[in-house]
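**Student:** Listed here are the chains, written in short residue letters.
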Amino acid sequence: MEAAQVPVIRENTEAIWEVLETIPDPEIPVISVVELGVVRDVLLEENKTQVIITPTYSGCPAMKQFEDDIVSTLESKGFPTVEVKMVFSPAWTTDWMTNVAREKLRRYGIAPPQKGSQDKGVLFDSGPKAVNCPQCNSSATELLSQFGSTACKAVYKCKDCQETFDYFKCI
Amino acid sequence: MEVKDALIQYCLRLGDDAMIMGHRLSELCSNGPILEEDIAMTNISLDLFGQTRIIYTYAAELEGKGRSEDDLAYLRPEHEFQCALLTEQPNGHFGNTMARQMIFSVFYYHLFKELSKSPDESLAAFAAKSLKETTYHMRHACEWVVRLGDGTEESKWKIQDALNDIWSYHHELFEKDEVDEKLIDMGIITDTATIADDFYASVNEVIERATLGTPAGGWKATGGRSGRHSEYLGHILSVFQSLPRAYPDAKW
Ligand SMILES: [Zn+2]
Numbered sequence: 085m086e087a088a089q090v091p092v093i094r095e096n097t098e099a100i101w102e103v104l105e106t107i108p109d110p111e112i113p114v115i116s117v118v119e120l121g122v123v124r125d126v127l128l129e130e131n132k133t134q135v136i137i138t139p140t141y142s143g144c145p146a147m148k149q150f151e152d153d154i155v156s157t158l159e160s161k162g163f164p165t166v167e168v169k170m171v172f173s174p175a176w177t178t179d180w181m182t183n184v185a186r187e188k189l190r191r192y193g194i195a196p197p198q199k200g201s202q203d204k205g206v207l208f209d210s211g212p213k214a215v216n217c218p219q220c221n222s223s224a225t226e227l228l229s230q231f232g233s234t235a236c237k238a239v240y241k242c243k244d245c246q247e248t249f250d251y252f253k254c255i
Numbered sequence: 014m015e016v017k018d019a020l021i022q023y024c025l026r027l028g029d030d031a032m033i034m035g036h037r038l039s040e041l042c043s044n045g046p047i048l049e050e051d052i053a054m055t056n057i058s059l060d061l062f063g064q065t066r067i068i069y070t071y072a073a074e075l076e077g078k079g080r081s082e083d084d085l086a087y088l089r090p091e092h093e094f095q096c097a098l099l100t101e102q103p104n105g106h107f108g109n110t111m112a113r114q115m116i117f118s119v120f121y122y123h124l125f126k127e128l129s130k131s132p133d134e135s136l137a138a139f140a141a142k143s144l145k146e147t148t149y150h151m152r153h154a155c156e157w158v159v160r161l162g163d164g165t166e167e168s169k170w171k172i173q174d175a176l177n178d179i180w181s182y183h184h185e186l187f188e189k190d191e192v193d194e195k196l197i198d199m200g201i202i203t204d205t206a207t208i209a210d211d212f213y214a215s216v217n218e219v220i221e222r223a224t225l226g227t228p229a230g231g232w233k234a235t236g237g238r239s240g241r242h243s244e245y246l247g248h249i250l251s252v253f254q255s256l257p258r259a260y261p262d263a264k265w
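Chains as they are written, first to last, in the numbering used here: chain A, 85 to 255; chain B, 14 to 265.
Mixed in with the good hints, there may be bad ones.
[Said to hold, decoys possible] Taking lysine-lysine pairs in the PhoX-like style, the calculated list, with each CA pair at most 20 Å apart, reads:
1. K148(A) x K195(B)
2. K145(B) x K233(B)
3. K264(B) x K199(A)
4. K199(A) x K188(A)
5. K195(B) x K17(B)
6. K189(B) x K169(B)
Keep in mind that the hints were calculated from the coordinates and are not lab data.
Predicted model, so just to flag it, every value in this text is computed and none were measured.
Can you make the complete structure from the sequences, with help from the hints?
**Tutor:** Encoded structure:
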């Protein structure tokens with residue numbers, strides 16, 4: 085199931101994917117829109133390029149920026165009329181994020197999401213197993229708030245180096 | 014009633030609930046009790062506005078009259094809104110906000126789980142997406158009800174009172190009229206009666222862990238689904254809709 089949800093690179097769309105991989109997430113510029121997993125498909129028609137995207141969170145204010153950046157970057161590289169289409173199914177999950185992207189997040193100071201831990205402790209927060217501090221790698225960390233600077237992040241504190249840091253939460 | 018008309022009304026109700034709840038939480042922006050909660054409220058509010066956009070857009074598309082999601086949010090009069098009265102209730106103190114949020118998100122958590130299996134693909138996609146966000150909202154509210162219930166003497170009686178007050182408003186979430194009946198008959202939505210056991214089980218688990226008593230509320234609020242609202246909705250809309258009504262061509 086999981087494998088089937090990774091976008092298939094269609095014939096002749098490789099060049100478009102290559103460009104998309106250079107477009108940064110407007111809020112976390114170390115990873116691209118492709119690495120984040122919001123680009124779901126690319127369709128090339130005679131005079132039109134269609135990029136299918138899905139939002140991270142329903143209300144993510146960066147989505148409009150994603151759309152504008154995709155259109156302007158592709159058009160500046162000479163791709164014909166670019167259209168961005170939003171789909172909601174299958175719903176975005178942090179499981180789509182590659183290991184390379186996770187490592188980039190960690191080096192940027194954001195603890196990457198853990199894989200497949202979305203549904204445990206439904207009514208109450210049992211928290212992820214252990215979120216290691218992206219600064220000193222200590223596992224002695226505690227949740228400060230489930231909601232952080234953007235919808236996709238929670239705030240943690242490291243008990244060893246005393247730094248607070250963002251955790252990219254699982255969804 | 015045609016299936017399509019029923020589905021439009023149903024989607025509007027989902028959107029109205031999310032939007033008015035989102036608006037109430039947005040009122041806490043810069044007014045939260047502590048910074049972390051200020052940020053939590055606005056994040057949850059943002060998710061709810063996002064959900065509103067998705068489902069209003071679908072309702073507008075089904076309607077096919079050229080209205081946009083903004084038209085549905087900003088240009089409908091009070092009596093055309095069909096939100097449950099629970100969503101309009103004021104924020105009160107933090108315990109009131111959390112009691113209301115707990116009831117709202119526990120209900121929607123169980124409803125979205127069912128709706129995500131709907132044969133209507135758009136409705137199912139909306140529900141599956143919203144379910145993920147609602148799970149976080151629900152945990153946040155449940156944790157707070159427990160912390161306040163199992164807290165100080167003062168926090169305990171305050172959250173108990175808050176629960177008792179809001180309890181009268183939860184019945185409306187389970188109400189059914191011809192809109193629901195039509196969609197249940199067609200197999201598009203699940204009868205809310207089938208999620209009642211799960212809803213009460215979840216709420217009871219929270220109440221028990223919070224060392225609170227079962228809320229005692231004798232009366233049942235009703236009217237929102239047919240456009241008969243509490244005094245609060247008019248005030249909310251007068252704030253919410255003021256800009257697009259004063260400047261009809263405003264773009265943002
Ligand atoms: Zn550390």
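**Student:** It remains to establish, for every hint, whether it holds in the given structure.
**Tutor:** For each hint, the structure was consulted:
no. : hint              : verdict
1   : K148(A) x K195(B) : violated, 36 Å
2   : K145(B) x K233(B) : violated, 30 Å
3   : K264(B) x K199(A) : violated, 40 Å
4   : K199(A) x K188(A) : holds, 16 Å
5   : K195(B) x K17(B)  : holds, 10 Å
6   : K189(B) x K169(B) : violated, 34 Å
Violated hints, in rising order: 1, 2, 3 and 6; the structure is consistent with all others.
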